[in-house]
Amino acid sequence: MNLKAHQIADIVNGNVEGDDNVSINRLSKIEDGQKGSLSFLGNSKYNKYLYTSNSSIVLINENYILESPISKTLIRVKDPNESFAKLLSVFGKNDFIKEGIDNNSKIDKSVVINSGVYFGPFSVCNKNSFIGKNVKIYSQVFIGENVKIDENTVIYPGVKIYSNTIIGKNCIIHSGTVIGSDGFGFNIDENGNQKKVTHNGNVFIGDNVEIGSNTTIDKATLGSTKISNGVKIDNLVQIAHNVTIGTNTVIAAQVGIAGSTSIGSNCMIGGQVGISGHLKIGDRVMIQAKSGVLRNFESDVSIMGYPAIKYRDYNKSYVHFKNLPDIMKKIDKFFKKNVNND
Amino acid sequence: MNLKAHQIADIVNGNVEGDDNVSINRLSKIEDGQKGSLSFLGNSKYNKYLYTSNSSIVLINENYILESPISKTLIRVKDPNESFAKLLSVFGKNDFIKEGIDNNSKIDKSVVINSGVYFGPFSVCNKNSFIGKNVKIYSQVFIGENVKIDENTVIYPGVKIYSNTIIGKNCIIHSGTVIGSDGFGFNIDENGNQKKVTHNGNVFIGDNVEIGSNTTIDKATLGSTKISNGVKIDNLVQIAHNVTIGTNTVIAAQVGIAGSTSIGSNCMIGGQVGISGHLKIGDRVMIQAKSGVLRNFESDVSIMGYPAIKYRDYNKSYVHFKNLPDIMKKIDKFFKKNVNND
Amino acid sequence: MNLKAHQIADIVNGNVEGDDNVSINRLSKIEDGQKGSLSFLGNSKYNKYLYTSNSSIVLINENYILESPISKTLIRVKDPNESFAKLLSVFGKNDFIKEGIDNNSKIDKSVVINSGVYFGPFSVCNKNSFIGKNVKIYSQVFIGENVKIDENTVIYPGVKIYSNTIIGKNCIIHSGTVIGSDGFGFNIDENGNQKKVTHNGNVFIGDNVEIGSNTTIDKATLGSTKISNGVKIDNLVQIAHNVTIGTNTVIAAQVGIAGSTSIGSNCMIGGQVGISGHLKIGDRVMIQAKSGVLRNFESDVSIMGYPAIKYRDYNKSYVHFKNLPDIMKKIDKFFKKNVNND
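Chains as they are written, first to last, in this note's numbering: chain A, 161 to 502; chain B, 161 to 502; chain C, 161 to 502.
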C-alpha cells in the first residue's frame with residue numbers, strides 16, 4: 161500500500177503541514193522511522209524524536225508547538241494515538257482478500273459454504289457444518305460435524321473445532337486454539353478407577369469474540385459452555401466445561417477457569433489468574449494477575465491474592481508480610497524482657 | 161438416536177410411570193428441557209423444574225414422592241445421577257464408528273495397521289510404527305518413527321507424537337497435545353553459552369490414560385518419562401523430561417511438573433500447581449490449586465501455598481495474614497505507649 | 161549405531177580398561193543397563209550400580225578407585241557427565257538426515273528454497289518467504305508470507321508461523337508453537353465496546369534460539385517482538401507483543417511475559433513466573449518459580465513472591481507467615497492479660 165500525505169489527511173481528518181505529495185508505504189515507531197514510513201508523536205517523552213526521526217510523515221497533535229523548524233511533512237490531528245490506530249487498521253485490511261476453496265482441503269458434500277469464503281490447504285470440514293458469508297479459514301484447520309461459523313469470522317491456521325460448536329459473527333480465533341474438547345470429569349467407580357463422564361454438550365461463542373493462540377475451551381457435559389458477545393480471550397487460556405463468560409469480559413493470558421463457574425459482564429481478568437469451579441463472579445469485577453479465586457464475588461469489586469480478597473486489603477497485608485522479620489524481632493525482644501513463658 | 165421410554169427403562173434398570181411409548185432423541189438439563197429430550201432430577205434444589213420442565217421423560221429417584229400429579233413420563237431408578245451418566249455414554253457412543261484409511265493421509269509402508277483402525281485426512285505416520293486394533297486417529301495428527309499405539313486408543317485432531325513414544329490401550333488424547341518433544345536441558349559451555357543436552361529417551365504412557373488439549377509431555381534424557389495406567393491429565397499441562405506419574409493420579413489444567421520429579425499413585429493435583437524438579441511426592445497426596453511445591457512430601461497429606469505447607473497450616477496462617485493490618489495497628493499502639501525504642 | 165569401546169574412547173578422549181573390542185548400540189542409565197548398552201557413573205550415590213549393572217561399558221572418573229574387581233569394560237575420563245553428554249549428541253545426530261520437498265506440501269512459487277532443505281507433508285509456505293540452507297521443516301507446519309528462516313534451523317510438526325516473522329540460524333522450534341499471532345490489545349470505544357488494535361509489526365528471533373512446544377509469541381503492534389541470540393524458552397510460555405528478551409536468557413515452562421516488557425541478558429526465569437507489562441528487568445536476574453513481578457528490577461538480583469521482592473526477604477517473611485498462628489496466640493494471650501481494650 162502506498163499513500164500520499166493528502167490521502168492520509170483525508171483518512172484521519174487532519175491538516176498537512178509541508179509537502180502534501182510525499183508518499184509512505186509503511187508505518188513505524190518514531191524512533192525507528194525511515195524514508196517512506198509514517199510515524200506519530202503520541203507521548204511527550206518522545207518529543208526529541210520528532211526532530212531526529214527519518215520518517216517521511218509524522219502525525220502530531222493539532223496544538224503542538226514546534227521547538228525548531230523541520231523539513232519532514234507533518235499532519236496535525238486531534239488525537240495522534242487514535243489517528244495512528246486508524247491507519248494501522250487501514251494498513252492491516254489488505255492483509256486478507258483471499259477467497260475460494262483450496263484443492264488440498266477436504267470438505268464434506270453436505271457442508272453449506274456461503275459466498276466469499278476462503279478455505280485453506282489441508283483443512284477439513286465434516287458433515288452438516290455451516291460456513292457463513294466471507295468466513296476465512298486458513299490452513300490445517302479441523303472442523304467437526306454440525307459446526308456453525310457465522311459471517312466474517314476468521315479462523316487462523318491449525319485451529320481445531322470439535323463437533324456441534326457454534327461460533328458467531330466477526331470473531332477471530334488464533335492458531336492452535338482447541339474448541340469443544342471433552343470436559344475433565346470423572347467418577348470413581350466401585351474399583352477405585354476413574355470413570356469418564358461423557359460430554360454431550362457443546363461450546364457456544366457469540367459475536368465479536370477474539371480468542372488468542374493455543375487456548376482451550378471445553379464443551380459442556382450438557383447444554384453449552386458459553387462465551388458471550390464481545391468477549392476477548394488471550395493466549396493459553398483454559399476454559400473448562402459449562403463455564404459462562406458475560407459480554408465484553410476481557411481475559412488475559414494463561415488464565416484458568418474451572419468447571420461450571422459463571423463470570424459476569426465487563427470483567428477484567430489479569431494474567432495467570434485461576435478461578436475455582438462452581439463459582440459466581442459478578443459484573444465489572446477486576447481480578448489482579450496471578451490471583452486464585454476460591455469463592456463468589458459480587459459486582460464492582462477489585463480482588464487479589466490466593467485465596468483472593470479485596471485488592472486494597474491484600475496490599476495492606478502484604479506490606480506487613482514484607483515487614484514481618486523486623487516486627488517479629490521487636491516482638492521477640494519485648495517478650496524476652498517482659499513475659500514469662502508459661 | 162431415538163429411544164422410547166421402555167427401551168430406556170431397560171438400559172437403566174428402571175420403572176416407567178406414564179406413557180412408556182413416548183420417545184426422546186437427546187439429553188438435556190431439566191431446566192432447559194424440550195419436547196423430545198430426557199432429563200434427570202439428581203439434586204433436590206432442582207425439584208421445582210420437575211413440574212415446569214418441557215422434557216418428555218425425567219429420571220427420578222425410586223422413592224421420590226410427587227407433590228402434585230404430572231403428565232410427563234417418569235422413569236424411577238435407584239440413582240438418577242448414575243443412570244443419567246449411563247445414558248450420556250450410550251448417546252456418546254455412536255459418535256465414532258469411522259473406519260478406514262483416508263486417501264489424504266501419509267503412512268509409511270513399514271507401519272503395522274491392525275483391524276478397525278481409522279486414519280483421518282492429512283495425518284502422517286512414519287516408519288516402523290504400530291497402530292493397534294480399533295485405534296482411531298483423527299485429522300492432521302503426526303506420528304513419528306517407532307511409535308506404538310495400543311488398541312482402542314483415540315487420538316484427536318492435530319496431536320503430535322514424536323518418535324519412540326509408547327501409548328497403551330483405551331487412551332484418549334485431545335487436540336493439540338504434544339508428546340515426546342525434547343526436554344529443556346542445557347549446560348553452560350566454556351564461553352558462557354547454553355549447550356543443548358540431547359534427549360535420547362522417550363515417553364511411555366500406560367493404559368486408560370486421558371490427556372486433555374494442548375498439553376505437553378517431554379521425552380526423557382535417557383529412559384522414559386512415564387505416565388502410569390489410569391492417569392487423567394487436563395488441558396495445558398506441562399510434564400517435563402524424566403517425570404514419573406503413578407497410577408490413577410488426576411492432574412488438573414495448567415499444572416507444571418519439572419524435570420525428574422516422581423509423583424505417587426492416586427494423587428489429586430489442583431489447577432495451576434507447580435512442582436519443582438527432582439522431588440518425590442507420595443501416594444494420595446492432595447495438592448490445592450495454585451500451590452508451588454518445593455520439597456518432598458510423604459503419602460496421605462493435603463498441602464497448599466508457595467512454598468506449599470500442610471493445607472490446614474496454610475489456611476490458619478492466611479487468616480492471620482488477612483488480619484495483619486488490624487493486629488499491627490494494635491501492636492504499634494502498644495509499643496508506642498509502653499516500649500522505649502532502643 | 162554400533163560402536164566399539166576403543167571407538168568410544170577416541171570420541172571422549174578416555175582410556176579403556178578391559179575388553180576394548182566390546183560393542184554397544186545404545187545408551188542407558190546405569191541402573192537400567194543391559195548387555196549392549198553404555199552407561200556412566202556421574203554421582204557417587206550410584207556407585208553400587210557400577211558393580212551390579214548389566215551395561216557392557218561404563219564411563220567412570222579417571223581417579224575412581226574400584227572397591228572390587230569387575231568384568232565389564234570401563235572407560236576412564238576426566239568428567240563422565242560431560243563425556244556422556246557428548247555421546248548423547250553423537251547418538252542423536254543420525255536422527256535427521258531427511259532432505260527434499262514432500263509431494264504433499266504446498267509451497268508458493270515465489271518462495272526461495274536453499275540446498276539441503278527438508279519440507280514435510282501437509283506443510284504450507286506462502287509467497288515471498290525464504291528458507292535457508294539445510295533448514296528442516298517437518299509435517300503440518302504453516303509458514304505465512306514474507307517469512308525468513310535462516311540456515312540449519314529445525315521446525316517440528318504443527319508449528320504455525322505468521323507472516324513477516326524472521327527466524328535466525330541454528331534454531332529449534334518444537335511442535336504446536338505459534339509465532340506471530342496478534343497481540344492482545346483493545347481500546348474501549350464510545351459505546352463501551354472493545355475495539356481491536358491492529359498489529360502491523362512482526363516477531364524477530366535471533367540465532368541459536370530453542371523454543372519448546374505449544375508456546376505462543378505475539379507480534380508487535382509496530383516494530384518487533386524480539387527474542388535475542390541464544391535464548392532458550394520452554395513449553396507453554398506466553399510472550400506478548402513488543403516484548404524484548406536479551407541474549408542467553410533462559411525461560412522455564414508456563415512463564416507469561418506481558419506486553420512491552422524488556423528482559424535483560426543471561427536471566428533465569430523459573431516456571432510459571434508472571435511478569436507485568438511495560439517493565440524493565442536487568443541482566444542476570446534470577447526469578448524464582450511462580451513469582452509475580454510487578455515492578456522494574458536492576459541487574460544481578462534474585463527475586464521471589466507476589467509481588468516479587470528480594471529472594472532472601474521473601475523467604476524470611478514466609479518463615480514468619482508459617483509461624484503466625486503460634487505467635488498470634490502468644491500475642492493474644494499477652495494482650496488479654498495486660499492491655500485494656502479501648
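There could be a bad hint or two in this list.
Same chains, same names: a pair is fine if it fits in one copy or spans any two.
Stated by the list, open to error - Using 30 Å as the maximum straight-line C-alpha spacing, the simulated DSS-like pairs for lysine-lysine come out as follows:
no. : residue 1 : residue 2
1   : K386      : K496
2   : K205      : K489
3   : K195      : K386
4   : K287      : K164
5   : K296      : K308
6   : K329      : K287
7   : K258      : K189
Keep in mind the hints are simulated off the structure, nothing from the lab.
Here is how each hint holds up against the structure:
1. K386 / K496: neither (60 Å within a copy, 54 Å between copies)
2. K205 / K489: neither (44 Å within a copy, 41 Å between copies)
3. K195 / K386: Intra 48 Å, inter 23 Å, cutoff 30 Å: inter-copy only.
4. K287 / K164: Close across copies (27 Å), not inside one copy (49 Å); limit 30 Å.
5. K296 / K308: Close inside one copy (13 Å) and across copies (25 Å); limit 30 Å.
6. K329 / K287: both (21 Å within a copy, 29 Å between copies)
7. K258 / K189: within (29 Å within a copy, 42 Å between copies)
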